[in-house]
Structure formats: C-alpha cells, structure tokens
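**Q** For reference, the chains in residue letters:
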Amino acid sequence: MNAPERLPAALPDVAADQRYIGVAVPRPGARRLVEGRGSYVDDIRLPRMAHVVYWRSPVAHCRIVRIDRDYARLMPGVLGVFDGADVARICAPWVATLGHLAGMKSAPQHALALERACWQGEPVVAIVAETRVQAEDALQYLQVEWEALPAATHMETALAAETPVIHPELGDNLCFTRALDTGGVDDAFARADVVAEATFHFGRHTGVTLEPRCQIADWNPGEQRLTVYHSQQAPHMMQDLYARQFGLAESAVRVICKDVGGSFGIKVHAYPDDFATVAVAMLLKRPVKFVADRLESFTSDIHAREHRIHGRIAASKAGDILAFEIDDLTGIGPYSMFPRTSAIEGNQVVNLTGGPYKHQQYRAQLKVVFLNKTPTCQYRGVGHPIACAVTEGLVDLAAAKLGFDPLAFRQRNVIPDDAYPTSGASGIRLEGLSHEECLRRIDTLIDYPALLAEQAVLREQGVHRGIGFAALIELTNPGAAFYGVGGARIAAQDGATIRLEPTGGVTVMVSVGEQGQGSEGIFAQIAADAVGVAMDKVRVVTGDTDVTPYGGGTWASRGAGIGGEAVLQAGLALQQNILRVAAAILQRDIAELAVRRDAVIDMATGASLMPLAELGRVAYFRPDTLPPGFTPELMVTRHYAQRDYPFIFTNGVQASYVEVDTETGFVKLLKHWAVEDCGRVVNPMLVDEQMRGAIVQGIGGALYEECLYDDHGQLLNGSMADYLVPMSGEMPDIVVAHVQTPTKSSQLGAKGAGEAGTAGAPAAVMNAINNALRPFDAAVFSQPFTPEKILRALGKVT
Amino acid sequence: MDDTRAIHLHVNGEHRHCDVAPRQHLVDFLREDLGLTGSHLGCEHGVCGACTVRLDGQIVRGCLVLAVQADGRSVETVEGLTDSGAARDLQDAFVARNALQCGYCTSGMLMAAVELLETRPDATREEVRVWISGNYCRCTGYQAIVDAICDVLAARRSAAAGVSV
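The listed protein sequences correspond, in order, to chains A and B.
So the first sequence is numbered by our numbering: it starts at 150 and just counts up by one.
So the second sequence is numbered by our numbering: it starts at 7 and just counts up by one.
Just chain A, same shape as in the assembly (with noise of 0.2 Å):
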C-alpha cells in the first residue's frame, strides 16, 4: 500500500559502513508490547502504594461553600481526604506566561482549588485510600457545598460588558493578544482582482489518549527525596517543576516515564492534579497512585483547537496570490496552562497561516481569550491544521473564483524550491523546502487526470465525489525560540550518552522518550551505524531523569531531529574513542584503523584485527595491559540544540478522495495520498506510520471529534461512546512517500514527522468534501464536518 518510488535517491550515508539508517527495520521495542509485557503506570505496584481520586466541580463555575469529609473520612479503608488549603501549604500556586509572548495574562492557579472552581472537571478535594474502590465508594461520601457562578462560556461573548469576568483581578477576560501586519495588505486587496473569503470554525477537541493520564508519587522521608512514575513526554520538564512547586532540590526529585500509552502532546502538560498527587504521597509519607478515568479524562484533559477565524484572500487575474488575511479567535480554559501556556496555539496560527506561499502581504489578528470550559493547549499540530485549513481553504476559493485547476494554482503559487533559504510572509525563516517537487509527486501519486475523469463520469451518474488539496508547512526541531526565550525552564537541547560493554554490546542513555513513535528505534539504529555495530548490540534506555542526559523529551516533532543528532554524534565519538583503544592496544596508527561490523579492522586490507568484545575485555579487565598513561574512555556524552533557525520547517501535501452521500449528507473517505519531506528518513516504515497516524487524527478533527458544551459550561459528551475518534471500518488506506531535503543544521539532516499529517488531513477533507459540493455551490467551512452540516450547506435541512 506504499507508494511506488517510496524514497527517492539515496542521499549521502552519514556512517561509514551505513546498514541501518534510511532501512525500515521493525523496532525492538514492539516485541515486548505484542506479548503484553509492557510496562505502563498503572501495571506497577509499590509497597505500602495507596490510590487518590478527585472530587471534581460538578459545573462550570462555583463557589465552594464548604466541604465536610467526615464521613468519607470514616469510609474503610480511607487514609486521608485533602482540600485545596491542605495541598497549598506545601504546593506553591503557578501562573502559566512566556515572557516572549507580550502582554500575556493569567491568573494564579493551584493544585486543588481553593474557594472557587473555574470548570467542570477542576479538581477540589483530594480522596486517598488502600484501594481504589474504597477511595472511590468515599467518593460518595463526600459533601460539599457548593454554589453556582455565573460562566463565561462563549468565545464569541467572551469580553462583552455582560458577561462575567473569570478573574476579576485581571480586568478582563482576554489572556493574549497579536497583531501582525506587513503594511501593504490594504494596496493588495484594493489592486486584487479577485478576493475570496470564509468563516471557518474549528471544534475544539481533545486527544483521548488509550491510556489515561496517570502516575505514582512517592516520596521517601528518610532520604528527602520524591520519586514520580509518570506517563509523560518530558521527564526533565516535570523534575524541575515538582523541585520548584513543592521547594525542593532539583536532586530530591527522580521522574520516570516507562511505557506511555499514547501521549499526542496531552502529556506534556503539567496538570494539578499532578501537583495534588504528589502532594497527598508526601503528606502521607506513602506512594500515592492516580489514574484518570474516563469522564476525568474528557474533562481535565487537555483540549484544543476552539478558533473562528475569519479569512481573505486577494489574487490577481494571473493567478497570483496577493495577500492573506486573518482574525482569529480563540477559547481557552479559566487559566493559561502550565508552563507552556494556552496562547501558543493561536501564535501559531498566526504564524502559519499562508505557509507554503510566496505572497508578501499578510495581517492577522489574534484574541485569546478565557472561558469557564477545560483548559486548552498544544496538542498534536498545534495550530497547524487551524493555520493549513484556512490556508489551504481559502486557496481553493481563489482558485475557483479564477477558474484554475486547484493542484496548478499552488504549483504557480508556492514558495519555489530555489529560494531557499528565505523568510514568509508572516516572518518564518525557512531553511529548505520542496513543495514544488512535493506537488510534483503526488500529481502522479494519485495519477489526478484518472482522477477527474472518474470523478466527471460519476457526476453523471449522481455521484458525487470530491479531490482535495493541501499544501503544508511543519514547525520541527524547535531552537530555544519556542519556550526557553519566554522563561520556560523546557530544554531545547537534549542528550545521549553511549557506552561500550565489555562484551562489545553498546547502551544508549537518551534524554528524548519513547511513547510509541519508535524513538528508541531510530537511536538503535543511529547509534548502531555511528559507532559499527550490529542493531541487535544495542539497548537504548530513556525515561528515567536518574540516568539519561538532561534534555527536553518529546514535542514539536524533535525526537528524530534534535535526540537523533545527539545519538549520531555520540556514537560517533565512542567510535573515536574505540579506535584510540585499538591503537593502543594494537601498536597501530589509529589513521589505518576502523570499525565495522563489531569488529576493529585494517583499512586498508579490510581484515579483522579485534572484535569489540575482545577490546572491552582488555579495557575493562586488563587495563595492566594498556601502556602507561593510557586510560580508555568507552562512555561518551554528546548534546544537540539546534541553534542555526528558531525552527526547522518540513513541508508536504496531501490529497483526499471522498464520496459524498448529499442525500445523507454522510462523507466516505475512499482514499488520501500524503508527499511528505521530513528530511533524511532514518526509518521509512516509522514515519509513513507517524504519517498514517496522524493523517487518521487529523481526520477525526475533520469529520467527528468535537467536546461539546452546553450553555453552561457542562460537557455533554464525556465518554467514549459519545466523543467519536475514528475506527478502523471509517479510515481510508492512505500512501506515503518521500521527498528528502535534509536540514543543514545537523549532520544526519532529519527533520520531524510526528505532526504534519494532523496539519494537512483536515484541510484535504474539507477541500474534496467542498469540492464533491462545489456542483451545488455549497460549501462547509465549520469542523467537524457533520453530515448535519453538509446537509444544512446543501439546504436539505434547516
């Protein structure tokens, strides 16, 4: 089901006798998971480990009049109920800003609410037990009083003169706001011969991860020290956050992150009730256990992606694109979210929108405002399939106003792959991208004239069927201009630490963690090439900030690119390292010497002279034997920040093939196409599943996921049976292929791939859907698109 020329060209090996980069071995790590020896939060047991559960507000707003816990107090088995005062005196309160995001605003927030709850779902009280069941039968006994507030709970009303203010002392219920303005938008559109506009409106979803979020928080009084088994992103992040909330060394505190069930940048956050968990194990003197369930997961996850945006597009007779316009708006929850704050998605949006184009106008304007709803923040894409599908969206309008065929209006209109490097219009700087060679591609991939002509001869027969286009940019292996510039103690750098064994074996430390992607498989095959190993010789460890390299985890598509870097050249430094035993040991010049295969060889013959296991022998056992002097170095550590660009931008298009039923109103999805350039492709079976991942949550944005509230703030679709994701029956099958432009910034050239199919996926639906309409003249522009709404678009219903 690949495409037929899957990667093109090889490019230049970075390793000397390169057998594993750019080969889609399958990942050592999927072994253990298929025979259900994982490992994940919720399978470990400590001694002595007691269970919390939160009693949560029960509405959008309210005033806790008082909380009476002696009855769940004398529930079996309860070891202690905690309120917000409780956990206060030992967690210090948060307000989630970047410095780098001017005028941004928020209120203090702390682990358990003290005195008001802000949103259904805001943790309260804190309920700690032997067991699970008891905690949760105490649950039940619970009281507390509580009285309704008013709620802000539309964005659109957010900052009206009636509607309350969440946070009085704040003055306002706006949390951050941007203007960006090029100067000659207004010129543009008045010389524009043609100008398009759309209201498109983005559902705000969740991740629903299949493991909820949970950890273990223990804390050991005899030796001051807390330890967090955490299913998260950023194990370092998270270390330094619990040191600074509850006042502790940076040392008192070890966070480890085994298997994560699913993570899609909804455990990269820092929730309170992480705080709160970690409270209770050290007022207990106890490992304390919490697990979200399922209606805790709905509505203390994590959402994303609420925006009306308000878009134009001016173009001239020739077809050229003029200028973009954009006004977003944006609901957040009642406080920006801690540490990477609910303002950077809408900044994103900002910055991305009309990506892929040369264009030299562009204004935008942002609000983001607060609302009495879960708090919101970067979930996968992060802004990228807001910004792509009011790009991409708005590109098709233009297109049809003019009458161009929507493939040949972006081949004409894209930044051209000889301009690089340059800047866009919003201020991206760009290294190096293909979108003419990617539009190329799929051109052919989906073989379009077969296309239209199936499409023109199903028409005749009542059968509608639409081909969408979208072109996209993706912000990959981020510099410190993400969050470092803005105070956030998040690393942009990350490390690797390598060391040979005495049997010729080779471990891995690595800062950046696995949740699935297969990061610890691409560093075994990185490090195995790096230093000459076999892929089998190497055991890649992370999670664990005890023992790895300090560094940033995994976000914004940087675990290929920024861990990979680090793995490459500490691999490459232990091969070094390797050789100068060799000589040593040898009596050879080091010059004449390599490593291949496991084994220490002559360059110039080609001939074995020492395996590696007979080299760590005498390192390690026999060092009597080395000459004087001479000390064997076979642990080495290297770190990678990418300093050359704020980001390093990937790019792609992607296509999609649906069939829309306009008596129903259904969408069947037949199939999608994605060209993707994300740099050298350590292993093309994991990103073209990354890809197929994320095209298929892109997809559920598109056409399913939406948290619904009701006028008061309550979520009225919190399980999993009303929140709908996509399932197998629904899913296309979807080809990837490759186009390598790799980064300059680092020697192995990758770039990031988690993000991108999540970026383009809705913005292609939306484009076939409007395209199998176009024949009505009807059009959708408000996600998820719903066969209530296409049916509305078509008039069919009102």
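Calculated directly from the structure, the hints in this document are not laboratory data.
Just so we're clear, the structure is a prediction, and the values are computed from it rather than from any experiment.
Idealized CB from N, CA, C, for every residue including glycine.
Hints may be right or wrong, so weigh each one.
Chain A regions said to be covered by chain B (calculated; three or more residues, Cβ under 8 Å) [stated by the list, open to error]:
id, stretch
1, 189-201
2, 293-306
3, 725-733
In silico EDC-like pairs for lysine to aspartate or glutamate, Cα to Cα no more than 16 Å straight-line [as the list claims (entries may be wrong)]:
id, chain 1, residue 1, chain 2, residue 2
4, A, K434, A, D235
5, A, K550, A, D469
6, A, K893, A, D162
7, A, K817, B, E132
8, A, K893, A, D793
9, A, K820, B, E132
What follows is a list of derived Cβ distance ranges for each label pair [what the hints assert, rightly or not]:
id, chain 1, residue 1, chain 2, residue 2, range
10, B, S80, A, P936, 39 to 45 Å
11, A, H350, B, G91, 51 to 57 Å
12, A, F815, B, S80, 38 to 44 Å
On the provided structure of chain A, position chain B as indicated by the hints.
**A** Here is chain B on its own, set in the frame of chain A:
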C-alpha cells in the same frame, strides 16, 4: 460491601481458586489479583476494546464481565496467548508491520484478530477493517493493523492449501 465469593476458573490453562468481590470486573481481577497486566483499561465502559480477553474461547470486554461470571469457565489473556504460541504468526506480523505504536490497544486488538483468524479465515480486507472497528487505536490509523492481519490470513490460507509461503 466487599463480601467475597469463591470462584474456580482456568486462567491461561492454570486452575485458580480465588475469592472475589461480586462487583469486581473480570479485567480488574486479572490485573490486580492475578498480576496479568497485559490487558489494559481504556474506558471501563465497553467501548475501547483494550481489555478484550477470551472467555470460554469467545472474546469479551473484560470491563463488562464480572469476575464471578467467570466461575467455572476458562479465561485467556495476551499472556496465555503468547505462552501457547497459537498466535505467534500474528504477533510477528504486528512487529514486522509496526502495527502498534504505544502498545496500549495491542493486546485487545490481538484478541479480536485471533477470533477473526479462527472464525473467518476467508475474511477480505474490508471485513478485517469492519471486524476490528470495535477496538480503538489512537496511534496507528489502523492500516498497519489491517495489513498485519491480512498478511496472516493470507499465510494461513496458503498453508492450509498446502502452498509454501
């Protein structure tokens, strides 16, 4: 409320005699009382399929069956499936196709696929897609899972027809 009932059952071929609370779900019993953590909890209301196990040979949602309902019956989990080797080809295909990412859905997905392989050896690709539509996977987008199951269907059909594969 935690009065217990004695139950006798076979779990992965081993006879077990346990006291369980009448309200305890089968999957909680397997995970908490027997330490069989290969079955996972995703939703606890029968939607996601992560807790799928076999009860007397038929797949059930471990979160919708009570442990007491397994009294006198036989339960198989992913651990037992692995030890028996009965689905080694399927597990190999999952690894080869990267038909799992985070792995949380995988044991339930394997259980569902095993029943398909056994009861519908002639299933088409479309039927495979429909069959596993009762199991959530949030990572893969399903295609690799469908590919893996189809690979095994084809291989088993070929083997049954006496054709080497």
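**Q** Determine for every hint whether it applies to the structure shown.
**A** Consistency of the hints with the structure:
1. 189-201: Satisfied; 3 residues make the cut.
2. 293-306: Check failed, 0 qualifying residues.
3. 725-733: violated (count 0)
4. K434(A) <-> D235(A): holds, 15 Å
5. K550(A) <-> D469(A): holds, 13 Å
6. K893(A) <-> D162(A): With Cα atoms ~14 Å apart, K893(A) and D162(A) stay inside 16 Å; holds.
7. K817(A) <-> E132(B): holds, 14 Å
8. K893(A) <-> D793(A): Judged against 16 Å, a Cα distance of about 9 Å means the pair holds.
9. K820(A) <-> E132(B): Holds, at roughly 13 Å.
10. S80(B) <-> P936(A): 39 to 45 Å: Given range 39 to 45 Å: holds, Cβ gap about 44 Å.
11. H350(A) <-> G91(B): 51 to 57 Å: holds, 52 Å
12. F815(A) <-> S80(B): 38 to 44 Å: holds, 42 Å
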